[in-house]
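The listed protein sequences correspond, in order, to chains A and B. Residue 538 in our numbering sits at position 537 of the first sequence, with consecutive numbering throughout. Residue 17 in our numbering sits at position 32 of the second sequence, with consecutive numbering throughout.
These are computed hints drawn from the structure, not numbers from a lab. No residue lacks a Cβ here, since even glycine has one placed at the ideal position from N, Cα and C. Treat the hints with care, since some could be wrong.
Stated by the list, open to error - Listing some non-contacts, in silico: residues in chain A with all C-beta distances to chain B over 12 Å:
| hint | residue |
| --- | --- |
| 1 | PHE509 |
| 2 | ILE616 |
| 3 | TRP649 |
| 4 | ALA778 |
To be verified - Across the chosen pairs, the derived CB separations fall in these ranges:
| hint | chain 1 | residue 1 | chain 2 | residue 2 | range |
| --- | --- | --- | --- | --- | --- |
| 5 | A | PRO176 | B | LEU110 | 58 to 64 Å |
| 6 | A | ARG597 | B | LEU110 | 20 to 26 Å |
| 7 | B | THR72 | A | LEU856 | 37 to 43 Å |
| 8 | A | PRO404 | B | MET39 | 25 to 31 Å |
| 9 | B | VAL57 | A | ARG597 | 35 to 41 Å |
| 10 | A | LEU718 | B | LEU110 | 44 to 50 Å |
| 11 | B | THR72 | A | ALA14 | 54 to 60 Å |
| 12 | B | GLY116 | A | TYR489 | 37 to 43 Å |
| 13 | B | THR72 | A | ARG521 | 55 to 61 Å |
| 14 | A | ARG375 | B | TRP64 | 42 to 48 Å |
| 15 | B | LEU110 | A | MET376 | 38 to 44 Å |
| 16 | A | GLY716 | B | VAL57 | 44 to 50 Å |
| 17 | A | MET399 | B | GLY116 | 22 to 28 Å |
| 18 | B | GLY116 | A | LEU856 | 25 to 31 Å |
Claimed, not checked - If you want a taste of the chain A side facing chain B, the calculated C-beta under 7 Å gives, among others:
| hint | residue |
| --- | --- |
| 19 | PRO176 |
| 20 | VAL223 |
| 21 | GLY338 |
| 22 | PRO340 |
| 23 | SER343 |
| 24 | PHE346 |
| 25 | VAL355 |
| 26 | GLY359 |
| 27 | VAL708 |
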Amino acid sequence: MTDRANDAIPEPAGPYPPTEAMLSEPVDPDVAEAQARRLRKAWETPKGFRYITAVNNTEVGRWYASTALVFMLLAGIMALLIRLQLAVPENDLISADRFNQLFTMHGSAMMFLFAVPMFEAISILLLPAFLGARDLPFPRLSAYGYWCFLIGGIFVLGSILFDAAPRAGWFMYPPLATEDEGPGSDIWLLGLSFIEVASIAAAVELIVGALKCRPPGMRVNVMPLYAWYVLVVGGMILFAFPPLIAGDFLFELQRSFDWPFFDPDRGGDPMLWQHLFWIFGHPEVYIIFLPSIAVAAMIVPTVARRPIVGYSWIVLSAVGTGFLSFGLWVHHMFTTGLPSISLGFFSAASEAVVIPTGIQLFAFLVTLLAGKARMTLPMLWVAGALAIFTMGGLTGVMLALAPFNFQAHDSYFVVAHLHYTLFGGMIFPIIGGIYYFFPFIQKKMLSERLGRGAFWLIFTGFNVTFLPMHLAGLWGMPRRIFVYPTGYGWDLPNLISSCGAFVIAAGFAVFVFDVFRPKRNQPQIPRNPWDGGTLEWSHDVPEENWGVRSIPYVTTRYPLWQQPKLVERMDAGRFYLPDAEEQTRETLVTSVIDARPTHITRVTGPAWITIVAAIFTGGAFILPTFHWYAPAIASGVLAIAAIIYWLWTATARPPARPAKHAGLGLTLPTYASGPDSVGWWAVWITMLGDATAFASLVFGFFFYWTVQPDFPPDGALHANAGLLALAVAGLGAGWAATLGARKLNRAARRGAAMAALAAGIAVSAIGIAAMLGAVWALEPATHVYPAILWALAVWFVAHSGVGIIMQGYCLAGILFRKVTPDYDADLWNVSLYWHFLILTVVVTGAVMGLAPGVL
Amino acid sequence: MTRPTHPPRPDEDRREFSEEAASLWRITFAPVVWAGHFVLCYGIVSLACIRGLMPIAATRAGLVAISVAALVAIGWLGWRSFRQWDTAPDRAANVGETEGRHAFLGHAAFLLSIISAIGVVFVTLPLLLIGDCR
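Here chain B stands alone, though its shape is the one from the complex (with noise of 0.2 Å):
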């Protein structure tokens, strides 16, 4: 575990541990940036498939390195999220108290961004497989 290297600041464990609403959100960053790479993968292709606006090997390059900034992305959230869980003091123990919904949320989260992740390799696997439209 980290320590801080700054001493105590005024009111620093209550922003940390305070109500933390936004942090129930959290929990659905890593699977909304899959569904948002889900959706730009079926959109655009549609758009170079169907419509024609583009060529389909263009698309595809394009989409694969969507597919890494997605990773990066879910990369970044599990990462600060598996410091939340990992770091909270004593997080097995106390499941009643602020300390372990902390933890809960960061395990939650850093859970949800592995599962992501998956999703996203899973989803760009047709790209790199698949060479035309037909």
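Same shape as in the complex, but just chain A (with noise of 0.2 Å):
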């Protein structure tokens, strides 16, 4: 059966694209007006207290950062106190327990409530606007990540002051985790796991936005670097967080019911977690640069007044990095006695990522000896940077030699060297970035001296604080201890390390200090007050919410610089979706390559609905770190609830009118399923991180075969091959089921395809029972080979549950006539996440039921 063609959705009709004829004619004043008039009413902000259900990406985007901020200033805080109990040996100060506490959410914090959150901000704040779109196509999940971000991050930092925050360092090794007395590594485990979720949230919506929501005609050659390293980095995310949350599920599996990965004497082995935290935790490291140097290529630009000097060297640059960040994950491990010829291969890659990192350091300084550069603030803080991270790189690549790292592993080598890459590779240029972007965020100016000074401070500052450090290692000083004995020599590096910190602080005073500083008394800014070329100066001063008056035409880089009358065209709203005619909110969808428009997509607007889901979320991983199991439970089915009722009332909704006008005579369809919408990509999207971290279990359980003589170990009972047959084939069916399903209804056969997602659900429920049936008589808690089939047998019925929810929605949609056999998107989402399903449904059965035998 071949899908009929969709005729109810219409091809986009007229003339694409627009000639210089169409773009000059004028736009009649009083039809602007009122077009105008709509589109505010469309885009308005809610007002009280409603505000905070406000989802639009300039919203959420600014509580995004400020949270961040404050979240890193805290954590600040605690670096402060760390160097107070430093700064004299014999210190007594703090004590030992809460020094270690303090160290690991220090680190933690950083990272994780910080470095990339902060980036999320950014982009959510900014992405649309370097692209000409009213918003991001998932305004909700923006909103819904920011919640629980905000959650999440408070139960994090708030267990320090209960004294029970995680001491066993921002990495969490076991044994010392595992055995940890008190809540602390729970809190870690399930509150940043829950934070993740946000993660991941966020690359999915900057992914689906910089690939489908750029303005007509920019080609992925023409769009902005920031959106390259946008889609770079959101990649990197979907590869790198997921074995962080499988290793955290294995871990949580451990403290909460004793299976044990970690536990050598039951077959564990400490060393799979140190792989999974790695595999994460070094392309992490790039995911927080890359796109605070995405930050410095739209300032470099600007102030050399000249395009970028070899844009497709930094694409080369960016892309490289991020495929090489992953070969570099056991250099973190040089001294956990693996073969040296597997040192090797992790040095040499090491090494081989200072090429493309070097390469676009190299582009930046083209462009700016090419250009005329003027030294202003913004590019202050990017000098500093590119100082800073140079220095951090050259250190960088001294510890990827194995034999160094020997020495210095464990120091004060290693605390400098961090510290380097991550204020040269992402305060200072995100700072840099606050500088030049200010005046968009808050239609404001920063001061110039203010701005001076809390430079020199911190660039001084970081300098007396981290530069000892280097000498402190090398004498021998360890990480992580709260007190040092005085004559080893690291009396006075660590006085003047202590000192330097002050005077970071003291930067950073000024810094938030002119970031928040009520300027109502200032004049208002002129709309482009760096002469930038790219879109997002031609923002609305004094500040409107519809992101642009109308969506332009774009066939430049820097189409202020480089497209005459393009902005008078926009506010003109001469371009496209000029008009809110319905005063809903809409976006224009385009072509992933040459951004060819290909419809208008609705935008979810403000709600309580997603605050409300965030909030179950929080439960759901929050009430476990208390071991109530029940109320997690109930938070969890509620989280769902909330879930389902937001999709139904929001999403893919059929549209009162097929196709609308865009504007310049173009005629678009106003709905769209399957590859072309952007829900679809979404789901791809999301089942591809899902994927991965289904990979990293599959990878657990071939490590723990390798690592281990006897795995499985002799005479161990197996998973029951005739259940586990039956389990695989009853998920089969049921992907067969929604499969046909979709089929079926845009065959416009509704009580077929409606009968075979209930046979769907039927067969699926059977599969999950026959998995629990297979597993039910292995102890998991007795030895690793039993823990991993439980483990690998409790991801196969979670997501096959999802399956069944994803089901059972679609059943209703076709009741109640939300899915029709023309707008069936969510058919075909569904349809996909069970492509992935059973994918995993067949690898579980194979690994479970075949390997044993085989192995």
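If you follow the hints, you should be able to join the two separate chains into one complex; please do so.
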């Protein structure tokens, strides 16, 4: 049965691309005024207490960035306490336990609550503006991600006030972390897993935004470099975070139910955690670094007053760094006794990654040399970033050499190195970016004088703090000690470092004061204060919430420099989507490569449901920390209910009219399903991340087999083969039923489609029961072999359960005519989920059923 | 620039310059070869040295052969993308045109194949320089 062509969804019609004659035709001012009024109404930000229901990218982005900034300041205060304790030898200011909590939380908060969220915040805030889009495709998803981040962040950081914070170091090595008494490790695992959900949500949002929401004409080779970095970093998040989520999953199963994944006495291996953590942890460094350098890539051309030199070289370096950074993780594990050839691979890859990283820095330098560079305030920060990052990079080259690393491992040399890379690669470019983009974000300027003061304080303080740490480390001072004896030559460098830390703090105080001081008396700023060439500087001053008045046709990399009259035509409403006839939020969706307009998509507006969903999702993650499993399950069920309500009421509803005018004579469809729609891409991207997490679990299975001579142990009980086969068959039938339902529905056989879905639910449920039966006799707490089989089974059951919920959702959709033969996006998205699910099912069956016989 | 030797075929340009959704993937092919090579090296050496499935000398020789194969694959990808970049008409002038985008994707893929080749060579060095599992 082939899919019937969908007649109800028309093809785009009308002239494209627009001619110069069409663009130069004036717009009637009265019409334009009426359009502007309707647009303004549609994009209005809720007032009063309803303000928190806003989902507009500018609001969510500002909250996100401010929250991340506050978390950063709190983590910075922890750093100051650490430096106070270490200022003099044999200090008794802070107890050992408190000190452990402080350094663990300082690292965890800076990484998970500041660096990664800051990337998400800045991208949510700026990406639509770079692309001349109204908003990102899933505003409520951004808002949901933000509320998850806020709840999780407060929970994790708040624990330190109750003396219950995690204290096993930011990478939570077992057995220290698994054996640790108290809820600290659980808070880390569950709280941060919860925030990782927000990161993946943001990755989905940003990838789809960069691929599908570019303005007409903006081909991939024209889009701002920032969008390239967003694509690369989004892709990296999908492959880097899931291994950590899988690791967290195993870790929490050990903490809660004593399944011995990392316990060598029962066949486990703490090294598996190290692998999973660093497969996440090293790419993470580049996930932080690349978007920050992307901010620099937006500042440098403006400062040099010329287009960037070597656009494709920078794309090369972003993509190349993204790939190579996954081959570095073992350089955090050089002293764990792996074969030296293996160490060599990772050492070699660590040296290779320097090449693309260097290329992008050189491209910046060449651009500055080739243009007429001015040392503006943002550029000052970027220059500081380049200097500091280069120093961190050089010590990185040293540490990538295994023999040197053996000496410097776990010493203050490493502390110095990582702070040089993170300050140079993240803090400085981001602050430069805040100075540069502040006029765009808040429609006010920051103070030049305060900015320069803050720069010199932070730059000087930074070097005073961290340069001596290289020496302290080479003189043998280990990381993470809360007290040290006098007489090793460590006294002076530590004292200097502690003084420097307070100079940094003074600099941040100046910066934060500048950002938050009232600026009501400041005169209205010019629209494009830096003479930038990219679309964000077409913003409206004073602020409008619609993103852009009309979505321009863009054919150059620096449209404000290279396309005369662009801004005035945007303002006049000459370009696309100048109107909101139904006063609903809409944006334009374009094709991936060449950005040809394909359809107009409805964008969701303000809602409480995202907040409700985030609160219950938070409950599902946070309550298990205290072993309150029943309320946690209840909270999880309510979270699912909230998300279903949100999807049902606001996504993929059949449109009132199949097509509408998009401006410039173009008529575009208002609905898309399958690969044309943004939702399908979001499912695809999410499931790619999910598949990576699953692959990490399977990696765990084979890891145990590789490192242990007797895995599976002789005489071990295996999963019941017959029931396992039944489980795979049941889910296989469920998959076929889902696919069949999609085709039946498209053929307008609604009854048959609903019957297929109902049958699919039944057979899938049988499959789930069979899977539970297959592992029921195994005792996971006795040995790692039954434990990993159980873990795979849990994964299988959870994903199949979600599959059943989706089948039910579509069944209800057809019944209540949310899903019709023509408007069937839900069925396409659910089928896509099931494609990934069946892959999981087959691999699980093979690993559990076949591998023990073969190995 | 080479000229095609056959008369124009219907839709030839359209296919050549049409959306090329695949070519956004294509720029990642060379790095994917690098990644596959890396995973093979890491996995197989672990099987040889830790699980003890096969002798390390033969493993090293086999992996060097795989490295050569990876380099050949990257070389071929690089050559194709070089052609795509270099033969695009007037490649510098018109970034906003289809040809400009076509050439750009070729150029990016070409540069990525160079960096991937360097990566493969780097990762092969330990196989040549380190003799055993210690």
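For which of the previously enumerated hints does the structure constitute a violation, in increasing order of number? Of the numbered hints, 5, 6, 7, 11, 19, 21, 25 and 26 do not hold.
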